[in-house]
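Visitor: Okay, here's what each chain looks like letter by letter:
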Amino acid sequence: MTLSPVRRLELSLQFSVACMATLGTILLGLGQQSQVLPTLALLCSILSFLFTDLLPLLVLRQWMTNLLMIAALALVTFNLTRSSGLIHVLSMADLLVYLQCILQFQRKNTRIFRYLVTLSAFQVVSASAFYHSVLFGTLLALYLLTSLMVMLLLAFYEVWQEQNDSQSRGQQEQSLGFHTFAGDRIPETSPLGFNARLLGRLLGLGLASLGFAIATFVVVPRLSSRPWPGISPTPLRTVGFDRRVSLGELGFLLEDKTPVMRAEIMDMDGNPVTVVAPVYLRGGCFPIYRDGKWEVNPFVADGQVQNLKALYRGPGQSLHRQRILLEPLDTTDVFAIWPYGQWDDAPLVYDASLTRLFRLTDRPQRVSYELITSAIENQRLVDIVPAIDPVIREQYLQLPWFKWVPTWWGPRLQIDEQMYEQQGWNRVVELARTWADNCPWPASDHYHIARFFEQQLAYSGEYRYSLAGVPRNATLDPVVDFLTEHKEGHCEYFASALALLLRCRGIPTRIVIGYKTYDYNTLGHFYQVRQNDAHAWVEVYLARDQITEELVGNRPLDLFRYGGWLRLDPIPPSASGFFASQSAWQRFWNAYNFLDHIWLKYVMQMDQPRQESEIYRPVRNQVQKRVNWLFDTEGWKQRISEIGRRFRNVFATPTRIVGYVLSLGVLVALVWKLFRIFQNPAWLWWLAGRLPRRLKAHQLSEHLATAVFRHFERLLHRLGYRRLPSQTPRQFVLSVVHSNLQHDSQSSWQKTALHLVSIYYQLRFGNGQKETANWDDLFRAIVQLENHLPRPRPRWRWKNKSRELPNSTQKGDQSPAGSIVAVMEPRHSSIRGSRPNA
Amino acid sequence: MGDRKRIRVHLTRLGKYYAILTAGIFLAAMVRQVNLLLLLAGLVSAPLFFSWFSARRNLYGIKVRRRLPQRVSAGDLLVVEIEAERTIRYGQNWLITLTDRISRNGEAFDQPPGAADPPPRVTFFSLSHGVGQIAAYRGRLLERGRYVFGPIQVSTRFPLGLLEASMEIPEQQAVLVYPRLGVLNLPPLHRSHFDHEGQTRFERRSDRASGDFYGLRQWRAGDSPRLVHWRSSLRHKELLVRQFDRPRHRDVVIGANLWIPESPTREDFDRAEKAIRFAATLVHDLCRQGGNHISLGIAGKKTEWVSGPASPGFRDRALELLTLTTVGCRDALETFLIELRRRASPESDVIVVTTQDRDLSQVSMYGTIRYGRESTPPEPRSDKLRANQLTARGGQVATYSVAAKDFELIFSDQTKVES
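Residue numbers (my numbering), protein chains in the order written: chain A, 19 to 856; chain C, 39 to 457.
Calculated from the structure, these hints are not laboratory results.
A couple of the hints might just be wrong.
[As the list claims (entries may be wrong)] Heads up, simulated SDA-like pairs for lysine to any residue below, C-alpha to C-alpha not over 25 Å straight-line:
1) A:K619 <-> A:L228
2) A:K311 <-> A:C522
3) A:K421 <-> A:S336
4) C:K101 <-> A:L742
5) A:K311 <-> A:P424
6) C:K54 <-> A:L688
7) C:K101 <-> C:L65
8) A:K327 <-> A:E388
9) C:K54 <-> A:S659
10) C:K54 <-> A:N315
11) C:K54 <-> A:R129
12) C:K101 <-> A:R132
13) C:K43 <-> C:G253
14) A:K691 <-> A:A725
15) A:K311 <-> A:V409
16) C:K54 <-> A:T128
17) A:K327 <-> A:T276
18) C:K54 <-> A:E176
19) C:K54 <-> A:G222
20) C:K101 <-> A:R215
21) A:K275 <-> A:H615
22) A:K421 <-> A:I406
23) C:K54 <-> A:V409
24) A:K311 <-> A:E180
25) C:K101 <-> A:T746
26) C:K54 <-> A:A226
27) C:K101 <-> A:E180
28) C:K54 <-> A:P743
29) A:K619 <-> A:L48
30) C:K54 <-> A:L742
31) C:K54 <-> A:T746
32) C:K54 <-> A:H721
33) C:K43 <-> C:I172
34) C:K101 <-> A:H721
35) C:K54 <-> A:K619
36) C:K101 <-> A:S744
37) A:K505 <-> A:M437
[To be verified] Among the chain C residues that face chain A by a calculated CB cut under 8 Å, a handful are:
38) I63
39) L81
40) L222
Treat the numbers as computed from the prediction; the structure is a model and nothing was measured.
Backbone N, C-alpha and C define an ideal beta-carbon position, used for all residues, glycine too.
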């Protein structure tokens, strides 16, 4: 089916508008984290294009449109009454989508198209208020191209409609004034609608627009150091960061790959540092275990909130910076490599009683903060870190089968025999004793006993890491069940078991909930942390006397005056999640994460300090450097003297001079030869033979034939023949041939010239019959003519002289049989047209 | 052509809204430091910025030619063809709109009432090198005069319709719009002048011998007995009648007095135009008949004369004079009539049309036309119909006043506009 140009234009425009509307709503949906509106927009776009634009089966009448719009407005108003704050933005943006969907089912004209464009643009503006990943940027670029296409087609459509209106007015019987002639219809070949040329222009415009937008974004100065963080409607759900965590809760997250945060580790100068071992980002720690739950110590008073202290900066202390970007979470906890200290003015507070770090605002939004840490030495996380404050050891020795019994002198800790027997804790105590007996180190060596127990759990092969839900014996405590009966579980079970086993041996422990990641992005130099990186591990308290110099390393022992905390991670190595090799998909995601990182860093979080440090200052420095270089007189003297020295070296001996001059001559000759080769149409023919057939046939054929004939014309032009504007190629060649007839028969070059012009006609106007044989003939003919036609003499000899071309008897086989008689004339002659017969 | 013309670029209405939206986004981005909005502002403003270059470049290398007739009658359909071509070898011109300008007698031409359209324009969606494209517009010019078409304004809203770049190409051509021709409904005596030559072959000869003696011939049925040359009839013994040369083609002198008062109203102008149309129709009909010698005198702002044998060439000259003549308030009727009499031979038919609502018989010189210098003018006739037809010495003299209520009976110019 052949569509008229106008119908083609209409359909192209309708299709583009449908795409643009859908993309706009998808951008809004990305911000709102909703799939409903994009799905609705996509459906409406498809249906309206099919059943309203393509087949006009479903066209809303005006009254129906009005009714639907009123209903949409009522719905949005109702939603507005139920919401407050920034959610208003969501509701208003919803109205834009509803109106867009309704308008799509109307019969389209310029006005409706404009409305749709406006609604879509406002949706994108609304979407900009939300927080977005790099996906938004990618789709925004696509949206830009689509909207440019819409505006381009709309411009054509408007002009066509104006012309159409003028035509219809002109067709009226008694019309006055001037109108476009009604009989002058748009030709079928008009490039309306989608076509390659327009798309090319559009692509150029789109790329230029992108460049311009980026330049504008970078150059326009920011006014504050706190950019708009973006609305995040639904924060990520977290577990384990409350005052209590049940065993098994983390299992909900371990299948979820949603990004939670990114951590960059740098030295104090800001250079990225790669940490070899997995990185542990600490959240909260729990000292008390009871009834399958870990919880904070209820006897420790809350409210010891304080600002973060600065870390010790002395000899032997290795400090690093950690910059963390945390996604919006449903908790105020923030995560970092522990121990951490103050670095920037991030709005964070530290609760010493809970040993947790919090952000001040409870609004779910992205936060970025930078801290320093002393936990990294030699590109590894150290296992033991100093305790900052004096430690109350008793709370870290709590055992679940002990309970507080009130007595007249106060509460007293007493064993709960029933629990101890029934819940099987006695078996745990027995197991701890057995392992301790098997341990080659004495009971007083807490460090080695802890390490031994860790290895027993991780490497004995008896305990298996599993994310699957394991049926537990309900009569037993989950940890007892894990240790004695069902020896499968995830990190929480391993960590709880180790902590309680060590406590059974009198070693203070606590369980820590946080994230452990191996996912280092080599492009962006950051660690990507996801929900499934949630992890639990154990920290063992080592008193001052337990800490040896081997454990401390280069750090001063004085740092450990309150003792230290040893990190133990008892999960089997198979569950570490570390894979040395990366699949293509993982590499793709790494690249995506890197782009997202760049996006967040340089787009979402671009502020005044970053702009100053990463854009203005480097540019300023570079400019200054160039200016200094330019006006550095000493430098110029040195450069000139250096050039002179090299020059002297080059031309030190006559042999070198000759060598260089010869090389230069050869180079010039080569360049000239190449230039001549490319001037020859045979080169084009060679190129055409290597191009795809379609290209060759449709784009190069005419051009090639024309190029060959032009070349032939140039050859004749050298001999003083010029084609008159009124002459056809055949007439021109015939006139040249006839003007050189000396004998009855034509010479070979004349026949070749006539043959060439006939092939040229066949190829150029032969109605597509461009066969390879013709091409061969054509090129053979031009090469033959090039060889046979004489080359002109130097100009100063041409003037007022006539020249008779030698015939074949004089020139041998290579010369034409006949001769061309031509009177040469200066190039600046104003005479035009074929030369008269000499 | 047109590459070095001055190109003006301005915002279209859509572009103005677009610019306001861009400014709003930029302002919001700066006030709230919304980086995404700033990026969006950059993306939105970029097309506006690049449209400026693109629109200007789109006007380079356009060659325009206009084709239109050199003359046309007022009210006739005028079709103007415009051919455009790209002179630059590579690339294309997109969405080119050519707007023609029309001025009449050096003044800007206003569209006639009821035509609320923009000035005439044609659109080329794309122009390529070496392929001339032709578009046309049509319309009607309702008033006589010399119309100048051009310069042509070349404009484009490519690529996005936000900006319109325009330049002028000094392609000017003039068209003479002749007065609209009407239909003459003259009295029978005058109509005989407009009979065609062939129709008189078998006409009945009148008794009056108005020409020179030519010869004798045999009597035919219907010949007047008075034409019988009895002496020759007796000699030849058959009835012979005399033959006379009849002057079939006579001189016609047409005078148009286009006087208007010093404070003319619209009606005065209409009256003058009607007189011009009457004279134009008269000239046109006489020239179509051919054979006559016509003198046309126009007493407008100044008095102008043109005379010559009736032919298409003379018709064009006379109509051109009528087209370009200007009405005036100079009352030079007497002088005009003297000149009229001077140019009229005794056998000439004289037709005078005037805008003045006065009896020409009151004019002292009128009698010299009518009766010769010796005669005295008669008493004023009833002005019921002042289209007098009186016999002069051989010729006829007719005067018509456009102001007369029954002028419509003689001349009708409400011809239907051709579609």
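Visitor: Each hint should be assessed against the structure and marked as holding or not.
Guide: Comparing the hints with the structure gives:
Simply put, K619 of chain A and L228 of chain A have alpha-carbon atoms about 19 Å apart, close enough for the 25 Å limit, and the pair holds. For the suggested pair K311 of chain A and C522 of chain A, the alpha carbons sit about 18 Å apart, so the restraint of at most 25 Å is met. For the proposed pair K421 of chain A and S336 of chain A, the alpha carbon gap of about 43 Å is over 25 Å, so the pair is violated. Proximity of K101 of chain C to L742 of chain A is assessed by CA-CA distance (about 22 Å); at most 25 Å being required, the pair is judged to hold.
At roughly 23 Å between alpha-carbon atoms, K311 of chain A and P424 of chain A fall within 25 Å of each other, so this suggested pair holds. With a C-alpha separation of about 57 Å, the suggested pair K54 of chain C and L688 of chain A falls outside the 25 Å cut-off, and the hint is violated. For the hint linking K101 of chain C to L65 of chain C, the alpha-carbon distance of about 43 Å lies beyond 25 Å, and the restraint is violated. Pair hint K327 of chain A plus E388 of chain A holds up; C-alpha atoms about 14 Å apart against a cutoff of 25 Å.
Taking the CA atoms of K54 of chain C and S659 of chain A, the gap is about 60 Å. The hint is violated against a cut of 25 Å. Annotation: proposed proximity of K54 of chain C to N315 of chain A is violated, straight-line Cα distance about 66 Å (limit 25 Å). Distance restraint check for K54 of chain C and R129 of chain A: the Cα-Cα separation of roughly 16 Å lies within the 25 Å cut-off, and the hinted pair is therefore satisfied. Proposed proximity of K101 of chain C and R132 of chain A is contradicted: the alpha carbons are some 33 Å apart, above 25 Å.
Proposed proximity of K43 of chain C and G253 of chain C is contradicted: the alpha carbons are some 76 Å apart, above 25 Å. As the CA atoms of K691 of chain A and A725 of chain A are separated by approximately 19 Å, the hinted pair is consistent with the 25 Å bound. Straight-line distance between C-alpha atoms of K311 of chain A and V409 of chain A comes to about 22 Å, which keeps the hinted pair within the 25 Å bound. Annotation: proposed proximity of K54 of chain C to T128 of chain A holds, straight-line Cα distance about 17 Å (limit 25 Å).
In summary, the hint linking K327 of chain A to T276 of chain A is not supported, as the alpha carbons are separated by about 32 Å, beyond the 25 Å threshold. With a C-alpha separation of about 16 Å, the suggested pairing of K54 of chain C with E176 of chain A holds against the 25 Å cut-off. Between the alpha carbons of K54 of chain C and G222 of chain A the distance comes to roughly 24 Å, so the proposed pair stays at or under 25 Å and holds. Only pairs whose Cα atoms come within 25 Å are accepted, and K101 of chain C paired with R215 of chain A is accepted, the gap being roughly 21 Å.
The hinted pair formed by K275 of chain A and H615 of chain A meets the criterion: a straight-line CA distance of about 17 Å does not exceed 25 Å. Annotation: proposed proximity of K421 of chain A to I406 of chain A is violated, straight-line Cα distance about 29 Å (limit 25 Å). Simply put, K54 of chain C and V409 of chain A have alpha-carbon atoms about 70 Å apart, too far for the 25 Å limit, and the pair is violated. With a C-alpha separation of about 76 Å, the suggested pairing of K311 of chain A with E180 of chain A is violated against the 25 Å cut-off.
This hinted pair checks out: K101 of chain C and T746 of chain A have alpha carbons roughly 23 Å apart, not beyond 25 Å. A C-alpha spacing of about 22 Å is found between K54 of chain C and A226 of chain A, which places the hinted pair at or below 25 Å, so the restraint holds. Pair hint K101 of chain C plus E180 of chain A holds up; C-alpha atoms about 23 Å apart against a cutoff of 25 Å. Between K54 of chain C and P743 of chain A the CA atoms are separated by roughly 48 Å; this puts the pair beyond 25 Å, and the hint is violated.
Restraint check for K619 of chain A and L48 of chain A: satisfied, since their Cα atoms lie roughly 19 Å apart, inside the 25 Å limit. The straight-line distance between the Cα atoms of K54 of chain C and L742 of chain A is roughly 51 Å, outside the 25 Å bound, and the hint therefore fails. Restraint check: the Cα-Cα separation between K54 of chain C and T746 of chain A comes to about 52 Å, which exceeds 25 Å; the hinted pair is violated. The straight-line distance between the Cα atoms of K54 of chain C and H721 of chain A is roughly 44 Å, outside the 25 Å bound, and the hint therefore fails.
At most 25 Å may separate the alpha-carbon atoms for a hinted pair to count; K43 of chain C and I172 of chain C meet this at roughly 22 Å. Between K101 of chain C and H721 of chain A the alpha-carbon distance is near 24 Å, which keeps this suggested pair within the 25 Å criterion. At most 25 Å may separate the alpha-carbon atoms for a hinted pair to count; K54 of chain C and K619 of chain A exceed this at roughly 35 Å. Between K101 of chain C and S744 of chain A the alpha-carbon distance is near 20 Å, which keeps this suggested pair within the 25 Å criterion.
With a CA separation close to 21 Å, the supplied pair K505 of chain A and M437 of chain A stays within the 25 Å bound. Interface hint at I63 of chain C: satisfied, since its Cβ lies 6 Å from the closest Cβ of chain A, which is below the 8 Å cut-off. Below 8 Å, beta-carbon pairs count as interface contacts, and L81 of chain C has one with chain A at about 4 Å; its hint therefore holds. Hint on L222 of chain C is violated. Least Cβ distance to chain A is approximately 25 Å, over the 8 Å limit.
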